[in-house]
Structures are given as structure tokens and as C-alpha cells.
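Here's the letter readout for the chains.
2 protein chains.
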Amino acid sequence: MNAGIIIIGDEILIGQVVDINSSWISREMNKIGFRTETVITVGDDGKSISDAIDRCLEVADVVFMTGGLGPTKDDITKKVICEKFGTELVLNEEVLANVAEMLGRRGIALTENNRGQALVPATATVINNAVGTAPGIMMERNGKLLFSMPGVPFEMRYLMEHEIIPLIKKHYNLKPVFHKTLLLTGIAESILAEKISDWEDSLAKNVRLAYLPAYSSIRLRLSVYQPDDTTESYINAKVEELERIVPENIIAYEDIKLEELVGKLLKGRHCTVATAESCTGGKVASLITSVSGSSEYYKGSVVSYCNEVKADVLGVSRADLEKYGAVSSTVAEQMATGVRHLLKTDYAVATTGIAGPTGGSDEKPVGTVWIAVATPTKVVSRKYVFGKDRAINIERFAASALSMLIVEMEKEC
Amino acid sequence: MNAGIIIIGDEILIGQVVDINSSWISREMNKIGFRTETVITVGDDGKSISDAIDRCLEVADVVFMTGGLGPTKDDITKKVICEKFGTELVLNEEVLANVAEMLGRRGIALTENNRGQALVPATATVINNAVGTAPGIMMERNGKLLFSMPGVPFEMRYLMEHEIIPLIKKHYNLKPVFHKTLLLTGIAESILAEKISDWEDSLAKNVRLAYLPAYSSIRLRLSVYQPDDTTESYINAKVEELERIVPENIIAYEDIKLEELVGKLLKGRHCTVATAESCTGGKVASLITSVSGSSEYYKGSVVSYCNEVKADVLGVSRADLEKYGAVSSTVAEQMATGVRHLLKTDYAVATTGIAGPTGGSDEKPVGTVWIAVATPTKVVSRKYVFGKDRAINIERFAASALSMLIVEMEKEC
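So the protein sequences, as listed, match chains A and B. The numbering of the first sequence is the working numbering, which starts it at 368 and goes up by one. The numbering of the second sequence is the working numbering, which starts it at 368 and goes up by one.
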């Protein structure tokens, strides 16, 4: 089954806004067995939208359109849909009531523009938008489905999750897909692929394996599109085989982000963590606190972007800073133990390195980082060397810090 | 002049990778006077790539393709280009030497796959890639240009900036475009648009005005596509008029990010800054340190994600925490002065608020934040109330903290 996606918006074509809708839709549709065949981005222009619809209906079973439905636009999207499907716009009282109610709550009166939002193609199935004023629309032709949604990511996701994906599953009578996701760390994608190649070949024909690499981790996703009663035990057996091949590398048996896993492990132990960051400059803290509820286990960070703060606030030895340099095992370990004591936590993780583009040397090139983890019983540190790009280095340093914290916590079980 | 963009990659169509190349290309081309007509994303598949090229050549003067050139791919992109342009692949010795040299530096021997990277269409203009192994390729037909580039953002940007944009300017004999960008804060886009609407109408016909909104700031870009000797003084006069309409809101007269402006202002004064963050959890620090060279003026942060750390490390009064709550003017100001003294800096900025989704109350709903700025002479604080989305709130809180720091620094001039 194929999907096609049409992203509408001048703001995307001038590069002002990055489209994040198409990757989200592709990922979610992939989970239920669809492959996105193409994504076409066009401006708020009738002819372009019309051509894109033709192209997508040619190659896809389901077409998703986002954008071009706001109150300040020309409603051009809806007009084009009417032309394509030989129908006309009619006022939908239910949508109008929803728009009026939404605006009323914010103390805003209904304008003529807003009334326009309640116009929908006469033959459309209207998909009520509980989180915004523009409704979703579903059209059907020759068994193919076309959905038009608002471009605001938050609204689009809400409509997809609550209304559209269930509708698609029902329309195509889709069986649920069985997924098992494993999270691995400490191994490069190419080496993992080599190590598990025989195991991969041994998988049953109806099992699909996807590698989903991220900074400092790789997700392996096993999908079975026609699952039966034996699927779960079969997959569990294959996972056990995999554990014997890469025993050190599997850190989770679910689709979870590193920062979420940190939280899950800490909550499970009723433990707390703190961070001390030099080169990552708050990125590790920022990742940990991106998780809702992180205040339960995260107490804080000292971002020590200069040696003075490393010494004065974290208690790193000035003599060691002088002798070994800030980017060293010794300093990383003292930062971790220092912040663990200062913030009174069970665990702590520290980073000190050279993100670049300047500051590197032959001995310690740009991309070098020392990461230390302090636990209730010990402190360990490790060096990593990455590339030359500052922004990517910061991402990799931070993800490596989370991975190392996870590995050390899991070792203590 | 129109541009078309083709993004190639299965990893994008399964939603594993977000395409950031097309928005970057669109933005840069827009600066030199091109409008992107469409962006088409397709998989590593000959027919899809071929159709996308046809479609783009139909609507655009210049076509950019990224991806599908790596050593592990099928080089399908280059084969399709050969078919389209009636030529064949030949080995380019110069590219081969570049690939061998690049790999040699990393101690890697040339493989058959790598030799494939040195194959280019016989009629292509080869664009040497100084930062990677896959070369760029330029094809020409009926005055239209087609460029094929590697998909790695870093390599694509390098090729565009150093080779391709200069080539395009030369090919089309483009006059330089005159741009003047202003950075504004403290005003909503809709209110700004209303306030400056007469001024906007008064602009000469050949001046284009673009609103580029971001979190807590708006960029106004004035572009003149046929500049002459009078352009600069004309634009300066219009900017002076604008200053009289929104005197409080213009914080920079160049295209600069908030975090870069913070750095520029601090360096200009030989001053330093520190941050104390609660609800932003390291995001402000992370933004400031994303700027290369920030260690010159940024000393660090205390992320105090619990009251204990606010009191113990930053010296916030426990009585005030109890009396006013953590999300209050008093606590924000004490955090700012506390971290300013602890880290011995000239300036400090502090955030304390409720990012959500939980933790809100009627009095202090989710989205509320108090931000305080401490300067050598005073401490000020201000409350902002944003929305319900945790991730967006954190971005807005952090950007508002930077804006407020900038405004307070500029006041002290």
C-alpha cells in the first residue's frame, strides 16, 4: 500500500519554515504498513495543487494534504478539491458551531473569514478538529482516499491519531501490524549489520527488519504485517538469539528515546541524577528536561563553560586542570563527582570536550570528548572522538553521555 | 526565476530523516532572487527520479537534486541523469584522485564502490567536493541548469556556497540583490503588520518586504532586485522612518540570530554572562553555546530543576520560595542575582515557569514564565504567558530570555 503527501505553503517554499509534517506522516503510516511513494511541496496556487493531486492519486492509495486551510488563505485547497472531485463548497453548520465555540472561548467574535472555514466540499466526509478551527476533509474515489488537513503540526497530528489513522485502518480493513523495537548502543551501524547478517537472513519471510540509526544509538524494528497467534513467541525467540550475538549492546526492548529511558530507569529505582556540562553547554540537561515529568528524578546541572566555574562551583582541582587540561579523564570524573555531591543526587554525568570548530590540537582534535558517570558506588570515564561539525558534535556528545549513563545504570542492576 | 528541488532518499520517505536541505536551498536561492516552485521527494528508484526531473524542468529554470550519490547506493541518480541528457558515465580521474586522497587521510583503501563515485556523465560539468567523496554535477539544457549534489547537509551546503551559487549567478548574469534585514522583538506579527501598513504601502515598487517570524522575534527583510546607486540611501531613509513607528522594537540591523546577537553585544562590551534555568532546563545555555566562540563571554549556567538547588546553590530564600512559589518575580530575580554572583559575571538571565503539560493552576497556568535579567546596576523581571505545548513553551521561554537580555543590554548603552 502506498501513500502520497502534498505539503502546501509559500512559507515552506521560501525556506522560512521546515516541513516536519511529511516525515511524521510517513513514519506513522509506515507503522501500519504503508510506504510513502512521494512527497510534493507546492505553493498556495491552484494549478500546482491540482497537478500534485493528480500525480499523487496516480502512484498512491492514500493521499495526505496539509496546509492551505487557514482563515487568512484563499481556501484555494478546498476549491481545487471541489474541481477534482466534481462537487461544490457548502456551509457545514456543525463545523461553524465548532469554530464559533472555539473562538468564543478566547473571547473572539466570528468573522467572515472564519465562516469560510466552515465551507466544505458537498461530498466530503468532514473530520472534526477538536484542537483548531479548520476541519479535516476526506474524499473518496475508486477506493482511494484523499485527506486534507491543517498545516499546524499539532493539529495535523491530533487529527491523524484520533480520526484519520483509525479511518484508514477501517477502510482498508487493515490487520494490526506487530512491531518489536530494540534500542542498541555502543556499536556502529555497519558493524552491527555485519554481525547480525546471518541472523537477519534467518528471519521468516513475513518479518521486515528496519535499522533506524540516531546519534549514539540504533533502533532495530522487527515488523510482521500478517501476524498470527505464533508471531509473538516467534519474535521473542529471535530476540533471544540476537541477545546472544550482541549481548552488550541492547539497552531497551521498546521504542523509546535515550532521554526517556534515562527517566524510566531512574523512576524505577527511585533515584535522581544531575549533570555537569562543559562542551555540551546545557544540551544534556535540555534533553533530559524535554521529557515531561523529569522533575521527579532530575535535580539540575552545572554548565561549567570555563575552568573557573569547574574549580569554584564543582570543586575540580586547579592543579589537575593545569596538569591534565580541561579535556581529560581526571577532570571529567571530578566534574561528575563534584556535581553529584553539590546537588545531592544518586547519579551524575559529566562532559568535557572540544566541539569545534576551533580549540583542537594534534593530541586532542576537534570532536574529542571525555564523558564521566558517577554512581553511588563508583565513577567511570571514557573518551570518544567524533567529527568536525560543531552542531553535530554537541548532539553526539550529549547522546553519548545519556547512553553511557544508561549502560552504567543497567550494569548496577 | 524559478527553482525546483528533488530530494532523493528512502530514509526520508519512511520518516526516519527529516529533510532540511530543501528549506536551506530555498532560503539561499530566495536571497538571490529565485522562487522555489516545487519540492519533490522520491525514493532511490529510477522511474520516480526520472518523473521528478521532468516535472521540475517543466516549471523551473534551475533544478537541484540532493541524495542518491553515496558509495553504497546504486548510483541510480547518475544513471537517470545520463538517460535524460543522452550521455553515458565515464571515469573522471580528477574525482578519483580526490576520493583516494580523502580516504587515504583516514587510512582507508579505495574500494570498487568508491571507484563508482568517480563515474560522472560525460557531458557534465564536475563540481569538486572538497569536503566529501561524492562530487557535484552540473548539466545544462536549453539554458536551464540541473545540479546533483550529495544529500549530506554539510556537503550540500559547502558545494552550494562555494561553487554552485557563484556558477548560477554567472550563468544568469544576475545582479547582486540588495538586502537589509532588521531584527525586532516584543511585538506580535499581526500588530506589527498593522502598525507599519502605511509605511509598507509607501515602499517603492522594486522593494520587497518579507516577514520572517521566529520564537520571540521577527525578521523584516527588505529586498531590492535591481539595485542602483541610490538604493542604499533610499533603504536607509525608509529604515529611519520605521524606527519612528516602532522605536522600542528594533534590536538589530542585520540578519542575526538572538543567540549570536547576545554574543556580539557581550564581546563589544568585553562583558560576560551566566544563566540560571528552571523550566528551560538548559535550553538557554544550549542556545548561547551553540555559537562558536561563546566561551569568550559565557561562563556557565546553574540548571536548578528543583527548589533545593535554587536555595542551596543559587541562594534563593527558602522563605520566598515558600511564600511566592518557584514561579514568581521574586524567585526569578534571586536566581539571576544568585548566579551572577556565583559565576562572577557582568550579566545574568534566569527563567522559572511551567512548561507543562502538568503543573499548571488557575493562577499560574501552563505556559507561564517569569524571566529576570541582572545587570551590573539592576535586576528586572517580567512575566510571559504562552501556550500548552511543552516543547514549544521551552523554545519560547528560552528565546524570550535571550530577547529580554538583549533589550536590557541595549538600554544600558
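These are computed hints drawn from the structure, not numbers from a lab. Be careful, since some hints might not be right.
The list cannot tell twin chains apart, which means a pair is met if one copy fits it or any two copies do.
[Stated by the list, open to error] Once the Cα atoms are required to be at most 30 Å apart in a straight line, the calculated DSS-like pairs of lysine-lysine come out as:
(1) Lys690 / Lys624
(2) Lys634 / Lys398
(3) Lys731 / Lys631
(4) Lys624 / Lys755
(5) Lys778 / Lys572
(6) Lys414 / Lys511
(7) Lys414 / Lys451
(8) Lys711 / Lys690
(9) Lys572 / Lys745
(10) Lys745 / Lys414
(11) Lys755 / Lys634
(12) Lys572 / Lys562
Q. Which of the listed hints are broken here?
A. Hints 1, 5, 9, 10 contradicted; others consistent.
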